[in-house]
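2 protein chains.
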Amino acid sequence: MKRRKVLQNLSALGSLAAFPEFSSGISRQPAVAPVRKIATEEAFTIPEIADAYREWINKEGVNLDRLVLKQIYDTPDARLAASNTDVSNRDRAALGMLPKLLDLDAIRLSDMEAGGVSMHILSLTMPGVQVFEPRQASALARLANDRLAEAIRKQPARYAGLACFAPHDPQVAAKEMERGIQSLGLNGFIVNSHTHNLYLDDPSFSPVLEAAEALNAPLYIHPRAVSDGMAKPFQDYRMEGAAWGYGIETSTHILRLIFGGVLDRFPKLQIVIGHMGEGLPFWLWRLDFMGSPGARAGRKNQLKPSEYFKRNIFITTSGVEDPVALRFCIDKLGADRIMWAIDYPYQPTAPAVAFIETAPLSDVEREMIAFRNAERIFRISR
Amino acid sequence: MKRRKVLQNLSALGSLAAFPEFSSGISRQPAVAPVRKIATEEAFTIPEIADAYREWINKEGVNLDRLVLKQIYDTPDARLAASNTDVSNRDRAALGMLPKLLDLDAIRLSDMEAGGVSMHILSLTMPGVQVFEPRQASALARLANDRLAEAIRKQPARYAGLACFAPHDPQVAAKEMERGIQSLGLNGFIVNSHTHNLYLDDPSFSPVLEAAEALNAPLYIHPRAVSDGMAKPFQDYRMEGAAWGYGIETSTHILRLIFGGVLDRFPKLQIVIGHMGEGLPFWLWRLDFMGSPGARAGRKNQLKPSEYFKRNIFITTSGVEDPVALRFCIDKLGADRIMWAIDYPYQPTAPAVAFIETAPLSDVEREMIAFRNAERIFRISR
Chain A
15 MKRRKVLQNL SALGSLAAFP EFSSGISRQP AVAPVRKIAT EEAFTIPEIA DAYREWINKE
75 GVNLDRLVLK QIYDTPDARL AASNTDVSNR DRAALGMLPK LLDLDAIRLS DMEAGGVSMH
135 ILSLTMPGVQ VFEPRQASAL ARLANDRLAE AIRKQPARYA GLACFAPHDP QVAAKEMERG
195 IQSLGLNGFI VNSHTHNLYL DDPSFSPVLE AAEALNAPLY IHPRAVSDGM AKPFQDYRME
255 GAAWGYGIET STHILRLIFG GVLDRFPKLQ IVIGHMGEGL PFWLWRLDFM GSPGARAGRK
315 NQLKPSEYFK RNIFITTSGV EDPVALRFCI DKLGADRIMW AIDYPYQPTA PAVAFIETAP
375 LSDVEREMIA FRNAERIFRI SR
Chain B
15 MKRRKVLQNL SALGSLAAFP EFSSGISRQP AVAPVRKIAT EEAFTIPEIA DAYREWINKE
75 GVNLDRLVLK QIYDTPDARL AASNTDVSNR DRAALGMLPK LLDLDAIRLS DMEAGGVSMH
135 ILSLTMPGVQ VFEPRQASAL ARLANDRLAE AIRKQPARYA GLACFAPHDP QVAAKEMERG
195 IQSLGLNGFI VNSHTHNLYL DDPSFSPVLE AAEALNAPLY IHPRAVSDGM AKPFQDYRME
255 GAAWGYGIET STHILRLIFG GVLDRFPKLQ IVIGHMGEGL PFWLWRLDFM GSPGARAGRK
315 NQLKPSEYFK RNIFITTSGV EDPVALRFCI DKLGADRIMW AIDYPYQPTA PAVAFIETAP
375 LSDVEREMIA FRNAERIFRI SR
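Going down the list, the sequences are from chains A and B. Residue numbers for the first sequence follow the working numbering, so the first one is 15 and each next one is one higher. Residue numbers for the second sequence follow the working numbering, so the first one is 15 and each next one is one higher.
Some clues are possibly wrong.
One copy or any two copies: either way a pair holds, since identical chains are not told apart in the list.
[Claimed, not checked] Here are the simulated DSS-like cross-link-like pairs (lysine-lysine), alpha carbons at most 25 angstroms apart as the crow flies:
1) Lys318 to Lys73
2) Lys246 to Lys73
3) Lys84 to Lys314
4) Lys73 to Lys168
5) Lys73 to Lys324
6) Lys282 to Lys246
7) Lys246 to Lys314
8) Lys84 to Lys324
9) Lys246 to Lys318
10) Lys114 to Lys324
11) Lys314 to Lys114
12) Lys84 to Lys189
13) Lys282 to Lys114
14) Lys324 to Lys189
15) Lys73 to Lys282
16) Lys282 to Lys314
17) Lys324 to Lys168
18) Lys318 to Lys189
19) Lys314 to Lys324
20) Lys282 to Lys168
The set of hints was computed from the structure by calculation and includes no laboratory data.
Let the hints inform the model, and build the full structure from the sequences given.
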């Protein structure tokens, strides 16, 4: 991506002059050379899983994920053409996503090239294999991981990847996680929040957390639509998904791990969350006030919430290209715990690139967030 | 409060040197004279409502509010003395709150004096009268408003207040709101999020919103425990209340008003939310990206979420004494939309005072947030 194009994209970010707090010791201008960029929350799928979703979304009683899955996997092009007035811009955009999700070759590499993106850390897109029954889920996870490893073998400089697994088939999942790291050479794990309405604090998932800790590889907890037990206020106005529900589903999941003592039981577990920390960094003062040891109400945690954040949690910038929020998170968590992401193909690449190229950061901070942290946390060697 | 004491309290806020972004044009030191302070989310109750809660919390099927109400209203002192090991610090503190909630005289005025707080804007504490059946709720609302007006008449320089009402008795509520402003001289309204699991976007509540808009008085939407339809993931680890559920309940409520088109139907409605905007300011970039007109998915809003914030919503600092979060909110919303609050008696006065006295703000910003905005928004004359 040419520097001129990056600067043109600046208009999409609003005027930096509106942020007077970024006033000294921080470069206002992009670095002279574009920074190396590793995008850390980049989605893909495989045809077999796309087919399985098409079947799943038409079943009875499936959860709110069906709304967005229907848009992506189940709307024939003909219906789009016939419904000019009923389809919003975003709904329309959803229809173009499937070819990009399925592609690990020409389309994706060309989009990366156009954006000057060095690497995608790939992960099976939400809601992963978690919506299927355990045996089917484990089989599809294995298939997806094999395809992912194959794509990485072909493009080792451009792709890294996270292994998926079926949390509700925990013994098989733990073995698949081991295979993902030790045989396939993958860089961590991906899970899409709840599994059949259970969160990872449920004791049945302990083998999965044991495996992640033992393999010393990070677990990316990605959003999906809110679980059934909190669905009602989110089921109107399309609030179940990216506009609101995803963040609340995932932040609530993380707090169940913290307040449920999971991070006391697995003190070395490394968790990654997207979307600028799913709102949690903003709440840390109050979480500490209300949730510190000694202030607890029926909780027995060893540390303050903010201390778990600094020990166990990394965040990415996926879907939140807001320099003010980024600065806030650096102040709260440190630049060494933040990684850049695009959320390809759901978010466009160019503004995400312009964001990391032009956000008011020191050169050291920009390099950490753009690629150095990702190299360290996901063990990516050049 | 003496300047020396304020400065001693500074240690509770952590080192300001940790916030390098507050570097120029902003005074690091407190103003020479303490600023006038109007606290805007200060709780009280009356004995009749305390009695009614004691009855309500022992009924079948009541919602998660019962957990905190039991601590405040239903634990005999003897049980506390007998259960040293089982009662956490915060549970213990809850037991001391009832006398302060019931007091509009000596205890409160002395706490205000000690903290150098000029005025409390009083509101009936959560969950208000909304948990009772409509006729009882309307009667208790009327009684609470009469007592509130009486307390203000005795201490017009120290107290202002918000009228409560029974949203589920909407015609009576609208009349009580009119009486609250026009006869009792109160300064706005208080509602505690959902009413029997319905939010204010439910068409049954239209008379209440019409009244608030017509009377040109702000409606404070205060938290309560999450509604039944989202209770399940919040019912463990005491996540239903101040540690997490309150914020999610209230922020989700606000987004139902935005995405449900309520602020298009009532464009002059003025809403106040506490706890540094219940996390919403942090999400505004993504809310705008996902929720703008044209990007909508089944929503028909006229404005971007951030535009509703700047037109219809004020925030207070209750329970979030975090100078980094405050600066973030000033950048996002403007200092003219932020008011200081203590959340008395749930939060201690001294640290809230130290926060507003010492947060890195310009003198103009500090005065706006400490009292000028409250005077303007709640129409308080000296």
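* Against the structure shown, which of the earlier numbered hints fail to hold, in ascending order? -> Hints 1, 4, 5, 6, 8, 10, 11, 12, 13, 14, 15, 17, 18 and 20 contradicted; others consistent.
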